[in-house]
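Can you make the complete structure from the sequences, with help from the hints?
Number of protein chains: 2
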Amino acid sequence: MRLLILGGDGYLGWPAAMYFSAKGHEVAVLDSFIKRRWEMELGVEPLIPTPPLHRRVKLWEEIAGQKIGLYTGCLTEGRLVYKVFEEFRPEAVIHFAEQPSAPYSMIGRRHAIETQVNNLSGTLNVLFAMKRSTPGGHLIKLGTMGEYGTPNIDIEEGFIEIEHKGRRDTLPFPKQPGSFYHLSKVHDSNNILFACRVWGLRATDLNQGVVYGIDTEETARHPRLNMSFHYDDVFGTVLNRFCVQAAMGHPLTVYGRGGQKRGFLNIRDTLQCLDLAMRHPAGEGEFRVFNQFTEVFSVLDLAELVVQTGRKLGLETEVEHLTNPRVELEEHYYNPVHQKLSALGLQPRLLSEVLVDEMIAKIVAQRDRINPEAIRPRTKWRSV
Amino acid sequence: MRLLILGGDGYLGWPAAMYFSAKGHEVAVLDSFIKRRWEMELGVEPLIPTPPLHRRVKLWEEIAGQKIGLYTGCLTEGRLVYKVFEEFRPEAVIHFAEQPSAPYSMIGRRHAIETQVNNLSGTLNVLFAMKRSTPGGHLIKLGTMGEYGTPNIDIEEGFIEIEHKGRRDTLPFPKQPGSFYHLSKVHDSNNILFACRVWGLRATDLNQGVVYGIDTEETARHPRLNMSFHYDDVFGTVLNRFCVQAAMGHPLTVYGRGGQKRGFLNIRDTLQCLDLAMRHPAGEGEFRVFNQFTEVFSVLDLAELVVQTGRKLGLETEVEHLTNPRVELEEHYYNPVHQKLSALGLQPRLLSEVLVDEMIAKIVAQRDRINPEAIRPRTKWRSV
Numbered sequence: 003m004r005l006l007i008l009g010g011d012g013y014l015g016w017p018a019a020m021y022f023s024a025k026g027h028e029v030a031v032l033d034s035f036i037k038r039r040w041e042m043e044l045g046v047e048p049l050i051p052t053p054p055l056h057r058r059v060k061l062w063e064e065i066a067g068q069k070i071g072l073y074t075g076c077l078t079e080g081r082l083v084y085k086v087f088e089e090f091r092p093e094a095v096i097h098f099a100e101q102p103s104a105p106y107s108m109i110g111r112r113h114a115i116e117t118q119v120n121n122l123s124g125t126l127n128v129l130f131a132m133k134r135s136t137p138g139g140h141l142i143k144l145g146t147m148g149e150y151g152t153p154n155i156d157i158e159e160g161f162i163e164i165e166h167k168g169r170r171d172t173l174p175f176p177k178q179p180g181s182f183y184h185l186s187k188v189h190d191s192n193n194i195l196f197a198c199r200v201w202g203l204r205a206t207d208l209n210q211g212v213v214y215g216i217d218t219e220e221t222a223r224h225p226r227l228n229m230s231f232h233y234d235d236v237f238g239t240v241l242n243r244f245c246v247q248a249a250m251g252h253p254l255t256v257y258g259r260g261g262q263k264r265g266f267l268n269i270r271d272t273l274q275c276l277d278l279a280m281r282h283p284a285g286e287g288e289f290r291v292f293n294q295f296t297e298v299f300s301v302l303d304l305a306e307l308v309v310q311t312g313r314k315l316g317l318e319t320e321v322e323h324l325t326n327p328r329v330e331l332e333e334h335y336y337n338p339v340h341q342k343l344s345a346l347g348l349q350p351r352l353l354s355e356v357l358v359d360e361m362i363a364k365i366v367a368q369r370d371r372i373n374p375e376a377i378r379p380r381t382k383w384r385s386v
Numbered sequence: 003m004r005l006l007i008l009g010g011d012g013y014l015g016w017p018a019a020m021y022f023s024a025k026g027h028e029v030a031v032l033d034s035f036i037k038r039r040w041e042m043e044l045g046v047e048p049l050i051p052t053p054p055l056h057r058r059v060k061l062w063e064e065i066a067g068q069k070i071g072l073y074t075g076c077l078t079e080g081r082l083v084y085k086v087f088e089e090f091r092p093e094a095v096i097h098f099a100e101q102p103s104a105p106y107s108m109i110g111r112r113h114a115i116e117t118q119v120n121n122l123s124g125t126l127n128v129l130f131a132m133k134r135s136t137p138g139g140h141l142i143k144l145g146t147m148g149e150y151g152t153p154n155i156d157i158e159e160g161f162i163e164i165e166h167k168g169r170r171d172t173l174p175f176p177k178q179p180g181s182f183y184h185l186s187k188v189h190d191s192n193n194i195l196f197a198c199r200v201w202g203l204r205a206t207d208l209n210q211g212v213v214y215g216i217d218t219e220e221t222a223r224h225p226r227l228n229m230s231f232h233y234d235d236v237f238g239t240v241l242n243r244f245c246v247q248a249a250m251g252h253p254l255t256v257y258g259r260g261g262q263k264r265g266f267l268n269i270r271d272t273l274q275c276l277d278l279a280m281r282h283p284a285g286e287g288e289f290r291v292f293n294q295f296t297e298v299f300s301v302l303d304l305a306e307l308v309v310q311t312g313r314k315l316g317l318e319t320e321v322e323h324l325t326n327p328r329v330e331l332e333e334h335y336y337n338p339v340h341q342k343l344s345a346l347g348l349q350p351r352l353l354s355e356v357l358v359d360e361m362i363a364k365i366v367a368q369r370d371r372i373n374p375e376a377i378r379p380r381t382k383w384r385s386v
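Respectively, the protein sequence lines represent chains A and B.
Numbering-wise, this note's numbering comes out as the position in the first sequence, counting from 1, plus 2.
Numbering-wise, this note's numbering comes out as the position in the second sequence, counting from 1, plus 2.
Honestly, the hints are just simulated from the structure, not real lab data.
Treat the hints with care, as some may be off.
Partial chain A-side listing against chain B, Cβ under 8 Å, derived [as the list claims (entries may be wrong)]:
| no. | residue |
| --- | --- |
| 1 | 126 |
| 2 | 193 |
| 3 | 201 |
| 4 | 344 |
Yeah, the Cβ is synthetic: ideal placement off N, Cα and C, and Gly gets one too.
Structure follows, in structure tokens:
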């Protein structure tokens, strides 16, 4: 299948490109490298430097004997997006090409607007390009479980049947996103739903939980095929950050009480989910939402798991509670449904201690590269 | 009270500025005049030319003895918005400064993105400026009933209590907007709700129905104090357009079957609603939604009312059903709640035949100015 991966330089985009290429698909990636610039702006870098995408694509061809097409350019440039879709005519599009950080979006006015305008206009350009050149194609869009917030009812997969004053309808699940970044994902979802309804496009919105993991089967094939693994306060996800802190023997920084519950999944399961979505595309005019995670933990439970695992590896660490920089409930009900991917056959790799073990061991091997000053949160949701 | 009206050149902005100035408030308006450019781009103009805002402000001062402050500039320019808020320090802000047309937003890629980026970034700049300079001020934002779409349950005012699997929460009412313009209003609402929750701002979102009317008490004080009254396919609202068609003796163009039901209100009631919202501000951190309309009609009922009224004035006209350029249900359940403004004391001017009568008579006096070619819909939601 001709598969276009938007944001092919990133933490998920690059492993996805190799994964689908290895399976024999005709893969092309597009990236503007703007995230590299955002990293420089904030003075952070991935734990292990990632070679330029051009070089990794070449290396992959040498190792796997498969070509990955490479487009450079920004989704906010509508004419370029039209050109890429007209030329490559993707049958499936995986869209990761967005500003992915909640703290980045909360730095201030400029960052909030940049995040929303970048994400929203990039996604709109993709929708218009699909309408124009590949109206039968399948858009697989990365959303986030953070779109829902933490309502006091079970979170359904995208839609909910509501009975109200004796009448009934199935409506989009009400969203309560917790940052300008999360809001941008809600805006996208609303725009995509509309495009499916009006133009008959097919789309799957993957409301993903918090991803963790430092490698995949394909990145492990060569040390320079690695993905962009972040542990910093802006682009790092919580479990990856905890593992890095454990590897340093530093306290694990929990925001507030740590009772915040979230869905989690291994990056290898992300690939599996993408594959399932692609093999079972949405119908014509269908906007489908999958809640994409395998397990729910509280942040504190996760920190304690990492402390225990670290101890077995001879790493002494502890939990440190920081004043929560975010505005969020620190104790709440959380029971999100996640059945649609299971129904398609998802086989989860659950977070046993063995996995955390391996991950910490791999990070310990890179310990000299860690910048301990890049971990504490710098951005507060309220500027009090 | 120091009141800043954003979009003070427009159909609602200018009458609102005079209305509150007449009541003794210290009013300033801001406008970028970008809508004038959009009109030129599409080759349409208001029925009666509106003098430059500078001249109307001056004329108002001569007539009413009250100054209205005038800022020129665009809400998308963040530094300018900061400056205006820092200088004028509004206690209340009425925000009309958005691209207001669904058909405009559906012309194509560029217009969709322009609409959403303009509306969303302008509103974000207002939120950040309020946070910075007037955190206790009250934002009164023009939303639209079109944010809700036409669900098969009663539409509540912004929020709905949902019982689901034995648990209960009050959540934002699920939205199903019907154009990129309506989507932009949903994006705005989500952003404003978040800003209230996180920063403690006060906001009232006025989900307004379809407005009609050609004058207000203040515009009637001088022929050159008129507002921008549109009847064209892009910026004209449906009842205003029907009255213009009747005045010409042309058929009234109903989109599809005409069973589409909508909430309607007189422009003078819009002013009354703004006044009520301003006199009863939202609480600290409160995001409040008022459904702002006084009556529900189907488009066909409205057309028939105008035909009957026209006939009494000696104008022969009839209903013509056009292929619907939009994607919308033409027969549907529609029962939106609108109690909050009534509870504050709204005294509606209902659409009796007398009002339509007056409106058509006023338009007949301007009949020579009508461009009959500007009325039929040019933009289709689906480019089939």
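Problem - Hint check against the structure, violated hint numbers in rising order - result: 4
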